[in-house]
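Chains X and A, in that order, are what the protein sequence lines are. Once you know that position 239 of the first sequence is 239 in UniProt numbering, the rest is easy, because the numbers rise by one and skip nothing. Once you know that position 369 of the second sequence is 369 in UniProt numbering, the rest is easy, because the numbers rise by one and skip nothing.
You may find that some hints are simply not true.
Because identical chains share one entry, a pair is satisfied inside a single copy or across any pair of copies.
Only pairs whose alpha carbons sit at most 25 Å apart, straight line, appear in this in silico DMTMM-like list of lysine to aspartate or glutamate [as the list claims (entries may be wrong)]:
#: 1; residue 1: K369; residue 2: E117
#: 2; residue 1: K190; residue 2: E174
#: 3; residue 1: K278; residue 2: E62
#: 4; residue 1: K299; residue 2: E230
#: 5; residue 1: K224; residue 2: E174
#: 6; residue 1: K110; residue 2: E65
#: 7; residue 1: K278; residue 2: D185
#: 8; residue 1: K374; residue 2: E174
#: 9; residue 1: K130; residue 2: E406
These are calculated hints, taken from the structure and not from any lab test. This structure is a prediction, so every number in the text was calculated from the model and none was measured.
There are 2 protein chains.
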Amino acid sequence: MATLVAAQKSRVSGSALEAALDELRHLLGEARVSTAMAVREHHGRDESWHPTMPPDAVIFPETTEEVAAAVTISAAYGIPIIPYGTGTSLEGHVAALEGGITIDLTRMNKIVRVSPEDLDCTVQAGVTRKQLNEYLRDTGLFFPIDPGADASLGGMAATRASGTNAVRYGTMRENVLGLTVVLSDGRTIKTGGRARKSSAGYDLTRLFVGSEGTLGIMTEVTLKLYGIPEAVSAAVCTFSSLEGAVDTVIQTIQSSIPMARIELLDDAQMDAINRYSKLDYPVAPTLFFEFHGTEASVKEQAEQVRAIAEEQGGGGFQWAVTQEERTRLWNARHMAYYAALALRPGARGLTSDVCVPISELARCITETKQDLAKSTLQGTLVGHVGDGNFHMLYLIDPENPAELAEAEALHERLVHRAIACGGTCTGEHGIGYGKIPFLQAEHGAAVSVMRQLKRALDPSNILNPGKIVRM
Amino acid sequence: MATLVAAQKSRVSGSALEAALDELRHLLGEARVSTAMAVREHHGRDESWHPTMPPDAVIFPETTEEVAAAVTISAAYGIPIIPYGTGTSLEGHVAALEGGITIDLTRMNKIVRVSPEDLDCTVQAGVTRKQLNEYLRDTGLFFPIDPGADASLGGMAATRASGTNAVRYGTMRENVLGLTVVLSDGRTIKTGGRARKSSAGYDLTRLFVGSEGTLGIMTEVTLKLYGIPEAVSAAVCTFSSLEGAVDTVIQTIQSSIPMARIELLDDAQMDAINRYSKLDYPVAPTLFFEFHGTEASVKEQAEQVRAIAEEQGGGGFQWAVTQEERTRLWNARHMAYYAALALRPGARGLTSDVCVPISELARCITETKQDLAKSTLQGTLVGHVGDGNFHMLYLIDPENPAELAEAEALHERLVHRAIACGGTCTGEHGIGYGKIPFLQAEHGAAVSVMRQLKRALDPSNILNPGKIVRM
């Protein structure tokens, strides 16, 4: 890892940094400005295989005004600024590629407002999704977007995250109503209000959602909320073939059954989950389902899906009706990433994230698994297949250049397979700096438009430089 | 109207126009370049009270390549370009404020591709929503977004349109997967593929959706499609008070009942509909409902809503179960605008379009109607109330400056009422040039960001100049 850290080229001069830090200490106090190596390293890495690239300093603001003042100070010295939520992203989003100051938003963890009657709320960017749902517990409402990790809602907005139940509730794209954003020149704007829909000018909310801190720093997020369904049930179904599982998904979606979750796990992933979570599911392609609605509609949906699954060679449904059974089932699913990593102690994950039209899903998954089988690497597959999104996780020793190169070659072939059929290189993880070459392959000339937008809003390239587009 | 046309200041010199038209005739042939006054006037007006402002010429391209070549030619001479779909917009979007060349996209009416298995399609921008649904008839699929008018899908994307069933299916924001766009310099980009979700870079699709032709000319649109529901039923319910109707809506939404449509019409609008469509509904606040789902779930939804309505003083449901009855009901609703205009022969409509959090809906509507009652004007109200969106239509003689001023004052107070409670000045019609002052009131400093984006993508301000932001 040491060599990889050395590749980081700071553009920050020592004197500029010291001058900026003096001002920041004056703004925030000594205790909220850190240059300790442990703190810097912690903020320079995410949960992926990407190497640690620590910033020069980390600051801990508590208000939008403090963020705006900190950005103004950093901008005056030309120092890069990297926003940080929980560090659970997967494409090097938080790496300080060019040095700079990381803005840790975890102290901005206040729930500003909940309006149960309007099914919306406003939170500071550092509030995590579990914190919000805990807070909402007595209101009968919940925030459904669930990327697995207990990520911050600002971070989820910044990466356009989604997860297991996007098939029903959409992604952060559909669920953010408005943002408070600090711009590169220190100005603060609100991108939208609380109206459910608006045609009032350019869609700044959607421009900032998914911009990964490169166009502005989100400090508050206004979100849609949903009523907790009257009835929820979940089930697991094992298939003799991957095609059978995928065809079940396709028919379910085509039948307009309003699934809350429909998740695919391959045999390798089921094996990993059994070992990690001490379970005894059959080691075979498996679908995890969740149904939301009234008692009657949940029953009807489940019957429809069971009939489809049986036609496609699905074994009997194992039901998880009680909250406790459901929690066990979805915890196992949420631990899939860590379960897979545990298959090979010390390994890190190179995670793919393609999303394709569902008619291409079976072919794309099959070819990807065949390609893996021909390699020397081990991997597991999970998919939010109702959306056509799946993750092949390649287990690698990041210190071994040959393994990394092999995983990157497998990944590259997978991405080109997805793009060729109208898909995307990333359904929900984002570009960071890990997927920049694929962005070009996917969007072509449109990347130059992204560059024009970046230049317009951050002419000095101080906001999370080196992510999404290189200037 | 003559004086209003005279206010238009063309920035196009005669010699530049002649040179550009020569090149355009070479590109498209004589028949597809028109300078006839009748053609120009037709393209310089929409369905609103806004005065006709004809372009200097109208062209009729048939391919993306022709649009790109035409934009390149116009840009070389600094001539404004205004895209035109069906002319059914309401905020002067098509008015040639500074002269220029209108690109009529109605010949771009090919359905490029339908993928029933993926529930998506790609159409040229001039295809109308009814044309698409006619084409889809045998596939079991439909495109739900329904703004009333048989608008072009490019125009609907450009104004971020929605309409009666956005409460279930979302707006154009949620239903456009990707666009082919010609930029101000003549380059063509694709903003997205066919993946249901993507985190690959800035959300260019959402940036162009709602940009009203000011950032690029859309030539193709990739859309989500939906399975035609197994069962559809509709109903009409009359209320003794407006509050009862609105409270029914709020409780229905809060109960997570997946309504397909839930429309409010006030007593004045019901009177207008009865006269125009020869119907005999009670002249009272009324909700129109539509339910989509399986036979069982539609029945369940309808029972739930009926119970809520009865609690709120709603009279008995009048059911419209057959296709014929439903068509009559929704045709009456769709004709609401024309029915209202017919209350005062020769009048034009000044249409408001605010959208507010639903908890504010009853107060906002009540105050708006009280304000109208104190005026000399006549007006009617319809609302896509499940989203908090409603239209107060003020009937005016556009030649009478006092009436126009009174309507504008009523409208202004309504907009500020909506913005004060977190709402928007326009839920679905867009800004055009009619609502520019309100955009500033609503978005404040964020408008300067919109201006930065416009400058970045259209530095010479040739794309539909004077709309959304003034440069």
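Unmet hints by their number, sorted upward, for this structure: Those not satisfied are hints 3, 7, 8 and 9.
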